[in-house]
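Asks: Please model the complete structure; the sequences and the hints are all you need to start from.
One-letter residues, chain by chain:
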Amino acid sequence: MRAWSAWAPGLETREQWLAWSREPRLTARDGAPAVRFVPALQRRRLSQLAKMTLQMVQELAGTQHAGFVVASRHGEVHSCISMLSEIAREQPLSPTVFSHSVHNAPAGLLSITTGNCAPSSSIAAGRETLIHGLIEALALSQRRAAPVVLVCADEALPAQLEQFADEGSCSYAFGAVVSAAHDDGEIKLRLEFGSRAVEPVANSELPQALRLIAWLAAVARTIDFSESAERVWSISRVE
Amino acid sequence: MRHCRLEALGAACALGSELRDIATRLLSPADSALVLRSGLLPDRELLVGAVEECLPQIPPHLARLRCRNNALALAAARGAHGALEGALSRFCPKRIGVIAATTTSGVVEAGAAVASVLDGAGWPTEFHYAQLEHGGLASFLAATFGAQGPSYTLSTACSSSAKALVSARSLLELGLCDAVVAAGVDTLCKLTANGFAALEALATERSNPFSRNRCGLNLGEAAALFVITREEGGIQLVGCGESSDAHHMSAPNPDGKGAEAAMRGALADARVTPQEVLYVNLHGTGTPLNDASESLAVARVFGESTPCSSSKPRVGHTLGAAGALEAAFCCLVLASERDGALALPPHDWDGERDPALADLHLVGANQRARVRGRRLVASNSFGFGGSNCTLILERTPS
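As given, the protein sequences belong to chains A and B, one line each in that order. Per the numbering used here, the first sequence starts with residue 1, numbered consecutively. Per the numbering used here, the second sequence starts with residue 1001, numbered consecutively.
Derived from the structure by calculation, the hints contain no laboratory data. Just so you know, these numbers come straight off a predicted model, no measurement behind them. Using N, Cα and C, we set each Cβ at its ideal position, and we do this for glycine too. Be a bit skeptical, because a hint or two may be false.
Said to hold, decoys possible - Straight-line distance between alpha carbons at most 16 Å, and here's what the computed EDC-like set of lysine to aspartate or glutamate pairs gives:
no.: 1; chain 1: B; residue 1: 1094; chain 2: A; residue 2: 230
no.: 2; chain 1: B; residue 1: 1094; chain 2: A; residue 2: 205
no.: 3; chain 1: B; residue 1: 1094; chain 2: B; residue 2: 1178
no.: 4; chain 1: B; residue 1: 1094; chain 2: A; residue 2: 192
Unchecked claim - Derived list of chain B stretches under chain A, where covered just means 3 residues or more per stretch with a C-beta under 8 Å from a C-beta of chain A:
no.: 5; stretch: 1100-1113
no.: 6; stretch: 1143-1153
no.: 7; stretch: 1161-1172
no.: 8; stretch: 1246-1255
Replies: Structure below.
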C-alpha cells in the first residue's frame, strides 16, 4: 500500500481521521466533497457516491497507478430505488440517471474525468466488500504489473431499506494505491485467509473499510475481519 | 508456463439450458430464439431473449436469496448435469473462489417489492435486500457450490462476466485459489428495459448488427458458469485484454481505440498474431454506435477476412451475462471441430452492408473455419462507462 486517504462528512483531513480513529464510530450520512476539479455540468449529475469516489482518486493522484477498482457494497442504490419507484408509477426514466446508476458508474466517471484509458473494475461483496476490493485490486495490479487505485465507498442506505441492514449504515470513502509487488510501497501488508479462534470483534457494526482506516491510523500489528470462526481475513504489517 | 483451463461449463439462455441443444441451435443456420414479451415496458411489447423453461427452486435454507437471477444460475448449473460440481470435488472448499458478474441482480423482485411499498402494503415478506445487492449473487453461488474461498460480484455493465473470467485467472495466478467458479447472470427486467428505452437504444424488431438498417439492440437474459483451474489441456483462456474508453457513460468512443486496445492486449497476452485467430465473436449489439466503432477496431486489428459474427440477434444482449455466455459459445465452437474444421455461428442480419463501416467477413450459414495451426477464437465485450474486454480461448490437443 503506497498511500491511502479517506473521506466522510466532517472527516476530510488526516488529522480529523486520526482523531476519529481513537474512538472509531459510524460516520454521518449526508454531505459530499465539493469536487470542484470536475466541470460544473458533469458535477451536478454526480451522486454522493460518485463524488466521494472521485475525491479519493484526486487525493491519490500524485501516486502512479495503472487502473482503478471501485468496491461498493450498495453502489447506486438510491438511484435504483428511485427508478424502481418511477417505474411502479409508469413514469419514464431519465437516460442520464439510468446510465449513471450502473454499479460501475463511479469507475466509468473516474476514467472519463481523468481521461485515463487504463482498465477499471467494480465489485461488491456484502459485508466483505473491502477485503474483496483489495483482492480485485491485487488481481488487477498483478496483471498490469503496476500499482492500482482501490476506492471502497458507500452511501448510507436509503431509509426504507434500513430494516434489512446487517451493519451500520453510513457514508464514507476509503482510497489506497496498492500493488501486488512485494518490494513496493511504504506500508507493506500481508493478507491471510483461514480459520482460527479470534477475539470477538468489538466494532463489528462498523463497515470493514472504516475498521481498516482506524487500524491504519493506529499501531496494532494485525487486524482481523471475521464473519465466523471459519472465515477470517487478517491483514498484518510486515517489516 | 501458466495454464488456465475452462474445465466445466453450464449455460442457460434463449437457445436452451443444455449445452448440446445450445450448440446445435447456435451453429445451425440462424433461427432467432427471440420472443415477444409484454410487461417490460408500459406501452409496448419487446422482442427479447428469454429463458422460458421452468427454473429450479432455490432451496429453503437460501430463501433469503430467492430471486430469478439466482434461479437462472441454478438452471445453468443443472444443465451441466453435475459437471461443475464434479470439477470442483477434488479441491478443498477454502481454495475454491467465486467471481460472479451481474448488472441486474434481483432487481425484478426489488421492483415488485417497491411497488408493494408504494401501494401501502409494505415490504413483501419474501423480499430481502440480499436479493437486490450485487454481492448476493456471489454469496448464492458460494453457498450452492460449497465454495469457501474469496467470493465477490463484479459489475461493469456489458463487460462484467468477461472480466470475471479475467479476474478468476488472476486469483489462480496469485495463488489465492486453486479453482474458481466464474459466472455471468442477468435477468430481463423493467428497469433495464425502461432504461434502455430512455436511451433510445432498443430495436423495434430483431437487431441487425452491422447492417445499414440497424437500429438498436434486443435485451436478453442468461446465465453462464465456468469452473476454472490451473490445469493444462482442454480449452484454455490464453489471452485477456482490457481497457477503458474514458469517453462517455453510454456511448463508445467512435474511434474504436478502446476496443482496439482490448483486442491487441489480448493478442499480446496470448502471444499470438491476429492471423492465427480463426473466429471472432463480436460484441455486435446492433446499435448504430457500437457497430460503427467495433467494425473499425476489428478491421484494424484482424483485417477484413477473419470470420466473425454476433450472437445477439439470436439470444439478445444479455448484458452482465454476455461475456461469460459468449465465451461459452466460443467453447462450443472450439468443441465442434470435425474433419479439420470448426463450425461457426452464422451472423444473422439482412445482408445490407453499411458503407460507413469496415467490410467485415460476417459468417454465413453452414460456414466452417479450416484449422491451420492453433485452434484460437476471440470474444469481445464492450460496456457502459467504456469498459472493454477481449478474451482469447484456445483448444489444446489433449
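Asks: Determine for every hint whether it applies to the structure shown.
Replies: Each hint, compared with the structure:
no.: 1; hint: B:1094 / A:230; result: holds, 9 Å
no.: 2; hint: B:1094 / A:205; result: violated, 26 Å
no.: 3; hint: B:1094 / B:1178; result: holds, 9 Å
no.: 4; hint: B:1094 / A:192; result: holds, 12 Å
no.: 5; hint: 1100-1113; result: holds (count 4)
no.: 6; hint: 1143-1153; result: holds (count 6)
no.: 7; hint: 1161-1172; result: holds (count 5)
no.: 8; hint: 1246-1255; result: holds (count 5)
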